[in-house]
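So the sequences go chain by chain: F and L.
Going by numbering that gives the first Met the number 0, 70 is the number at position 71 of the first sequence; the sequence numbering is gapless.
Going by numbering that gives the first Met the number 0, 22 is the number at position 23 of the second sequence; the sequence numbering is gapless.
Heads up, a few of these hints could be off.
To be verified - Straight-line distance between alpha carbons at most 27 Å, and here's what the computed DSSO-like set of lysine-lysine pairs gives:
1. Lys7(F) to Lys96(F)
2. Lys207(F) to Lys42(L)
3. Lys207(F) to Lys5(L)
4. Lys42(L) to Lys96(F)
Just so you know, these hints were derived from the structure itself, not from any lab.
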Amino acid sequence: MRHLIASKDFREGFVEMLPACLGLIPFGLVCGVGAQAAGADWLATLGMATIIFSGAAQVLAVQLYSAGAPTAVIILTCFVLGLRLLMYSAAMAPLLKPLPPSWQRSLAFLLTDQSFAAAIRRFNETHDARGGGLHFLGCGAALWLMWVITNLIGFYAGNAIPASWSLDFAVPLCFIALVAPLFRTVPAVAAGLVAGVAVLALDALPMKLSLVAAGLIGIVAGTIVDLMRDRWTAR
Amino acid sequence: MDGALKLWTVIVVVGALNYLSRLSFIAFFASREMPPLLARALKFVPAAMLVALVVPMVLTPSVAGTLQGVNPRIPAAIIAAVVAFFTRSTLATLSLGMVALWVLQALARPIG
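Sequences and hints are given; from them, build the entire structure.
Right under this line is the structure:
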């Protein structure tokens, strides 16, 4: 364990995630505040942050719980929201393939929107599975630590922050920081544009299905443009 | 069902389902070849999925009022996207994006 943490790749991943962690502090606080407002105790708040480890799912679960939704509805809605993790898992699969199964099972736990995007960028630069795995472990460890701590701070003290500071805006900014640099190729721009329009057009779908559906539609659009471009350049 | 028990049921089941979703294709493709078309499509997961996540967050009505009917989060997000595109820096995107929002909100107040 110690030699893993001492490795250069692990430390680079950990340090690379720190700015993103800074931006996600408000998200963690919001989750903690929400849990407290819904009547959860500190242990359940800790449990949500540690075990669910997904801001979007936690916010949704707490909202539905406060509204008195049945257990099955809360679980199903959170599961639908988590379907994007299937796509992240598929995209990570080729990168983690050279690693032993025990590594794959541990690293899978740390798969989040943020760590996924950072890991993909790293793998695309280095094409080194072991180094990339350690880097991903570093990213995930930084995020997980920050997440648990900020959820608990939010539970105890989150209401002390004035709403007029709009600190929650830091959450979309973190995602923008990850996604905007990707728009350097035509197919990637197509994927993003189509997904953005689709998520608004499908807003009426129940259980936040719009999110996963828009993601899929964007992926298909990007792929079609990519295939057309190949055919065009092949001529 | 008792409140605490209900909450813990949700935590454990959602946690387990999330973990299985995270592991799913990593485990599935560990011993199989991925079809080339799927591998090509998966390149666009970050671009499509992150935009789908961000757009509703930015369009959520803000607490601090709007600038002549325009949600100040929209121009602030566009500024942040331009900064991110050119700098590729999370820290620069965060700080300039927040400053942009605060300035736009301050401008919005006397009007709204």
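Tested hints:
For the suggested pair Lys7(F) and Lys96(F), the alpha carbons sit about 21 Å apart, so the restraint of at most 27 Å is met. For the suggested pair Lys207(F) and Lys42(L), the alpha carbons sit about 23 Å apart, so the restraint of at most 27 Å is met. A hinted pair counts as satisfied when its Cα atoms are at most 27 Å apart, and Lys207(F) with Lys5(L) qualifies at roughly 22 Å. Between Lys42(L) and Lys96(F), the direct Cα distance comes to roughly 16 Å. Compliance with the 27 Å bound is thereby established for this hinted pair.
Hint violations for this structure: none, all hints satisfied.
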